[in-house]
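Residue numbering for the sequence shown follows the numbering used here, starting at -9 and increasing by one per position.
Mixed in with the good hints there might be a few duds.
As the list claims (entries may be wrong) - Below, computed lysine to any residue pairings styled on SDA-like, alpha-carbon distance capped at 25 angstroms:
no., residue 1, residue 2
1, Lys227, Leu158
2, Lys133, Ala74
3, Lys207, Leu244
4, Lys239, Phe206
Calculated from the structure, these hints are not laboratory results.
Given the structure is predicted, the values throughout are model-derived calculations rather than measurements.
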Amino acid sequence: MHKAGFVNIVGNPNVGKSTLMNSLVGERISIITSKAQTTRHRIMGIVNTDDMQIVYSDTPGVLSPNYKLQESMLNFSQSALVDADILLYVTDVVEMPTKNQAFLDRVASQSVPVLLLINKVDLLKDQKDLEHLVEEWHSLLPKAEIIPVSAQYKFNLDYLLKRIQELLPPSPPFFEKDSLTDKPARFFVTEIIREKILQIYDKEIPYAVEVAVEQFKEDEGRIHIMAVIYVERDSQKGIIIGKGGSALKKVGTLARKDIEAFFEKKVYLELYVKVEKDWRNKENKLKSFGYQLD
């Protein structure tokens, strides 16, 4: 009997959803930085065995939207509640359990199995602190199974995987058995470049940036990629480029190394910077970047 299902990962920003996703899939599919709101899309990672297909889905952290981009991010998170076979609600040992009561109420009303993961338990000094957290979460989500984990150190992920496999429904596979993700190659190029921007630049700059791949030509020897970094203001363009182009060159060098590792091929990467004023609130631009709007 073959089993298959959608295992959707939801929760507030910065609790470790992307780290968990990458640990479960065994590939760097979601970008990970210490900054909140790094995941903007819903990203699927597919794990196949002979008799099983698990389709993991990483989603943006749940937040109150301030502009259209964040509305799209919230749509991705809420859609993950609708089509899940198993829901992984991720929290950590730092955040207040009642931080986002409205979304929590929606999770509580789901009929599918909910595994509530208390992440970053490696930060706790005392077992009693964990016991207190488990009690508090049990009162908020009484139907959920609570599993303490550390995604970074892979603590208890073996048990989590065992529970997921037990809860998966009987089903034929949803994707080809050699699939790793539902996203095209270009998507991972944009995510890798965006990850480097998040790591290198401060304050508002990373959140005002979007990346689009204009050209992706692959031959036997290497891949030629031309990508555009969009910003909202001329001043941001200057910061992205840096003195004498030094900052942009650093982004390009770091991104190229990771893209080469991802595709296991030599890469020639060209980066350009363009100003697209207020793109985070422009529906036509957001749609062209692949965001989901009502």
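For each hint, the structure was consulted:
{"no.": "1", "hint": "Lys227 x Leu158", "in the structure": "47 angstroms, violated"}
{"no.": "2", "hint": "Lys133 x Ala74", "in the structure": "16 angstroms, holds"}
{"no.": "3", "hint": "Lys207 x Leu244", "in the structure": "20 angstroms, holds"}
{"no.": "4", "hint": "Lys239 x Phe206", "in the structure": "19 angstroms, holds"}
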